[in-house]
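Undergrad: The lines below spell out each chain.
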Amino acid sequence: MLSQLRDASDSHRSLTIVVAMAITTILMYVLPGLPPLSVVQGSNIWYDSFANAGVFVLLAMGLNVVIGMAGLLDLGYAAFFAIGAYAYAYSNSPFSHTDLPFIPMLFVGAAVAGIFGILLGAPTLRLRGDYLAIMTLGFGEIVPIVFLNLDRFTQGTNGIGGIYRPEPLPVLGAFSPSTPFNYFIVMVVIVTVTMILLYRLQDSRIGRAWNAIREDELAAAANGINTVTTKLLAFSLGATTSGLAGVFNASKLTIVSPDQFLFTVSFTVLAMVILGGMGNIWGVAVGAFVVYNIQVVFLKSINGIIETLGIPAFDLGPVHVNLAKVPFSDYQYLLYGVALVLMMLLRPEGLFPNQRRRQELHIAEEFDEGEQGEITGAMGAAPGAAGDAGGTL
Amino acid sequence: MSLLEASRVTKRFGGLVAVNNVDFTIPEKSIVSLIGPNGAGKTTFFNIIAGIYDPTAGEIDFHGRRVIARPKRAWLEPILWVLPALLVAILTIGFGVEGRSDGSIILGLALTVLALMVVLLIGVARPPKYQRFLVRLGIFKSARPNDMVVTGLGRTFQNIRLFQNMTAMENVLVGMHTKLGSTWIDAILSTPRDRREEAAARVKARELLALVGLKGRDDQLAKNLPYGDQRRLEVARALGSEPVLLLLDEPTAGMNPRETQQLTSLISRLRSELGLTILLIEHDMRVVMGISDRVTVLDHGEKIAEGTPDEVRRNPKVIEAYLGTPPAEAPETETPATAVAGTTGPVVEGSES
Chain A
1 MLSQLRDASD SHRSLTIVVA MAITTILMYV LPGLPPLSVV QGSNIWYDSF
51 ANAGVFVLLA MGLNVVIGMA GLLDLGYAAF FAIGAYAYAY SNSPFSHTDL
101 PFIPMLFVGA AVAGIFGILL GAPTLRLRGD YLAIMTLGFG EIVPIVFLNL
151 DRFTQGTNGI GGIYRPEPLP VLGAFSPSTP FNYFIVMVVI VTVTMILLYR
201 LQDSRIGRAW NAIREDELAA AANGINTVTT KLLAFSLGAT TSGLAGVFNA
251 SKLTIVSPDQ FLFTVSFTVL AMVILGGMGN IWGVAVGAFV VYNIQVVFLK
301 SINGIIETLG IPAFDLGPVH VNLAKVPFSD YQYLLYGVAL VLMMLLRPEG
351 LFPNQRRRQE LHIAEEFDEG EQGEITGAMG AAPGAAGDAG GTL
Chain B
1 MSLLEASRVT KRFGGLVAVN NVDFTIPEKS IVSLIGPNGA GKTTFFNIIA
51 GIYDPTAGEI DFHGRRVIAR PKRAWLEPIL WVLPALLVAI LTIGFGVEGR
101 SDGSIILGLA LTVLALMVVL LIGVARPPKY QRFLVRLGIF KSARPNDMVV
151 TGLGRTFQNI RLFQNMTAME NVLVGMHTKL GSTWIDAILS TPRDRREEAA
201 ARVKARELLA LVGLKGRDDQ LAKNLPYGDQ RRLEVARALG SEPVLLLLDE
251 PTAGMNPRET QQLTSLISRL RSELGLTILL IEHDMRVVMG ISDRVTVLDH
301 GEKIAEGTPD EVRRNPKVIE AYLGTPPAEA PETETPATAV AGTTGPVVEG
351 SES
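In order, the protein sequences belong to chains A and B. Be aware that the first sequence starts at 1, since it is given in the working numbering, and climbs by one per residue. Be aware that the second sequence starts at 1, since it is given in the working numbering, and climbs by one per residue.
These are computed hints drawn from the structure, not numbers from a lab. Mixed in with the good hints, there may be bad ones.
Said to hold, decoys possible - The calculated lysine to any residue pairs, modelled on SDA-like cross-linking and capped at a C-alpha distance of 25 Å, are:
no., chain 1, residue 1, chain 2, residue 2
1, B, Lys141, A, Phe352
2, B, Lys141, A, Arg126
3, B, Lys204, A, Asp216
4, B, Lys129, A, Asp216
5, B, Lys223, A, Phe352
6, B, Lys72, A, Asp216
Chain B extracted, bound-state conformation (with noise of 0.2 Å):
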């Protein structure tokens, strides 16, 4: 069964098509890796699973469930959240009008923002009962990146993105703030609920930091780590969340061979250990030959080729993606990168955005 199914998904920033008409499955506690050359909208398609961009055109499913999709009918949601506040008004001023007091006045006025913050509130909030009630009013949204770690996905970034001046240990309790239940009354009130989930919360991000191989380094900020550390541990934050689907973007790079070796191993111990279903994106193809059950090759925004690594390697189109067409029909092709796809890495990549 697969867990996450997207089809024909398309983005376009302008005139530019980023992602063109993927059809993309992720099978249930597998590893699956999406590879490219630079600017190939390998970053953007995850992006857009992870709910940050909204699709152009195409759908993706996760657990049999759509929450991905190009938005339909959102202009009616503004309209829905001041139509209460408007009923209460004219209620309040059809029987205000009679005593025609200024009481009453002030009482209709104040209903109304009542009626009005509350909607708004809802309205912003985004309960999992809103959302159903949009769905058969006919509009829908997109998932937000933070309603999907809520459905069990979790990321890291391509450049690492950890809350620099918080401690390795904050950084991790953060990640696990969906799986956290108290709320700011809790907090001030300093419950014993929220003590005791306090008190679990920190040993249960100190069992994380072990298991990325962060033991001993949970007071220390995260900028102060160094870089190899900074990848373990936002790979510890995102699992935090307890996610079924984890994204890494990159894991691997900028690390030294023993490193990407650790990481290596680390991620294949995810999955058995942990049961995680992943997806990968990497240039490093050591990583990526030597563990993905299917791989993914995509270039300028269309999907070239899919199948398991091997099947991958062979394919004459990725080694034109990645080399260049052979200079007897091309002699103007540039010099092919030192990597050959499949054999040597890794292939280094700067920031593509």
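One chain only, chain A, in its complex shape (with noise of 0.2 Å):
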């Protein structure tokens, strides 16, 4: 049964993806109103914090190509988030006089930042490994002090703000902040789209070129895969989900800044991508939604739910410990660095792995196991195990 279902799934991926999401939409739609979730914030607010969620969502999935599928460590993702941002800040405030149509903002501030991933990506993506994140972490570092410094263009460190709100939807009525329903909707469609495409890039020559360019570049490129190109697609492919993240986030805040976009948003998002499972789209974007909704939403109502548990404060020893009054947001970052370790200690391949990096990780689990079974048998196959023990040197 359980089988049939993965195989239908496979052959029908992209009805899968849809079905799967209407279901966590309807979910999304019905839990808040339900006691355990409704009694740590209202409705709206839940849904306000599940279109933050996929901005993130859309971030991570995108990374995960950069990372996961072509397996180019990108520490400066933030940039083409900022660059998306800001694209959709010129074309819709008070200070550039403009204001364009929410919809094909997204495809153009997407488009802006695909760009600006091909304009770094071309000369720098004959580095490998290291030289390309301490390269990607410069530019990650650059765009957010340029848009500082920039204040002409820029407003410097205030940022553009009073970013006009999307015209109205057909049906769900006007975009207003009281009212963060319609975002929702918006964020749960562009996830959607998203993950189908992103899903037939991985299952076509394209995606297994990035994976056997990730397996051994120098096989790919005598395979006849133009590696720097192959990668330059998966390098702005990322840019550009990450711009189109950029032009939500920034309708929805209706102010960018350049402290929107430190280098902290592309260490969050590069650790939910290892956290869900580097190289598994669906795994990353529930890894996403779990790590924001913790960081944000649980982490800053944990001392209310404690006191609405009614947990007394307690001595501990000398210590007098009051559960209810700890900061715990504060804590964000220890927290996060404690659940990495964790992770890399128990689960190295995050929490809903991709099969094969599954593998690549336990190889030496298995080999341990496989050796003792191993020698014995070669005591009994002698030349074979020479011969083969000449082929591994």
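Put the two chains together into one complex; each comes in its own frame, and the hints tell you how they fit.
TA: Structure, rendered in structure tokens:
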């Protein structure tokens, strides 16, 4: 039964994604009104945080193309997020005296970020591993600093504020800060479409080429893959997804400023990709969603929850512990660090691993188990074993 | 007619001369072997042909067209990349100065950036038209490995370099990369063309796997295949690009006699059935002498002999290279290896780098 279901979902992947996202959306619509979630915050605030989480889901899925599929370590991913956001701010704010429609601007912002992805990638993608990481890290630092110092065009630290709300949607009505439901629905649609497209790419000739480059770049080139353009495509498609998220985020917050795009964003998204399971599209999406909600919703409301549960303050030896007063949200990055270390120790392949990655990371264990059997086997079949040994040199 | 012609190819790594002034031709539809002791420069020569190293001197013609040689005026190319963007920038500034509005400055910047992007993209992708344009300007750049595959060269590696965590089928599909035309846009739109091509590619890949004797192993991960099968899978992957010339770097290294025999017959079938030309590096003399039309011997980077297997077997220089000079002349020579060139094998070699 389960395997039949799996086969069906493999052969009708796009449909599966639509159905799965529809079910998830219904759950996300219904659950905030019911006890465990409704205690924490109101339904509208939940929709708002779901929409915000969607921004990070998009970012994580985009970074997954770069890191998980093509194997390029990108530490400056927030730069493209910033470029997408500023592109929208220019097209839709009192500062630039323009008011362009939201939906087309999603594509334009994404395209602009993609162009910058190509511009950064073309000269640098000959670099490998650590060198590329440092390059992208530099770019990620440069972009916010440029936006900060170019104050004639960007208003520096103040950022560009008062970005207009998108025009009303046909059925759902106007976008407004008090009813974040529109943003939530738009986000669900964007994430669904992006996910379908990414899955198609992954299963295509291009996806295979990315995989091959990640496995062995020289062998990939010797099989006719133009490694530079293929890597460039991964890099700029990642940037495009990031730009899309940037446009959405700018429109939702109605302000862009350089401090929204610091290294912590790149780092957070990278952590989401690793926690979710690098290389697995839906795993990364779920990882980003969970991490965002823990970070922003759970940590903030943990004190409130303790109060409602009525856990009293107690003395632990000489220390007086009052859990309700501990500022958990200040310890965000501490908890992050602990979670990452634990993950690396216990489940290095992430929560929802890509099958391949899992095998790569557990190869040592398999080897340990397999070795015992092989030694006894080798005794019985000396010529073959000797041949193997010669070959593995 | 010769398919590949290398003349006076030299490659130096710092002070080490790995390949020295080697002339080499591969006639069409022949099996040519390259032999020599360890460190003789065989694999280096191979890598030059495959486009991985640029030669220090000399040139290689493939299909009568110059594909590999020392780069000429390559420093001009980056200048060529910046030039158009610079031109656009100057033009937009020229027009923008009169208006002096922020809008025109931003537009000028955007146009410059776009021009830079287009040129960079072309420069990085190096389409044939661009390469011809470069040649007309007097700039020559050696073909890269992927260019060589497009012109019809397939290769395997001495130390197997399969995509370990991909299935046998996927490995062959990667090999067919250049023969599939669907772009990323086809892929995300899932166009009928893309789906048709993908289905046909799978059929073809299955045929190739059956050809090398890996029928029914499509879904196994490459790293889980037995050693001999991995070698065969590498051949299947190289065949995916429908090459004219197939370079095999020690295809039977580490195989047992039965596997070696199977692979030898596969190689001769590749020529008779698919009409391939094959260049072989091999240490197992039974394989070399059995199937080669011509044998070339390298030692210390230099070609010391060339000819039919029989001629090479009797060549005193070759015997000397493999066994050292007779004890009467050089008493301190090391103990001869068990293998006498041309009579017994295999001489198993470790890694040569």
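Undergrad: If you check each hint against the structure, which ones fail?
TA: The structure conflicts with hints 1, 4, 6, although it agrees with all the remaining ones.
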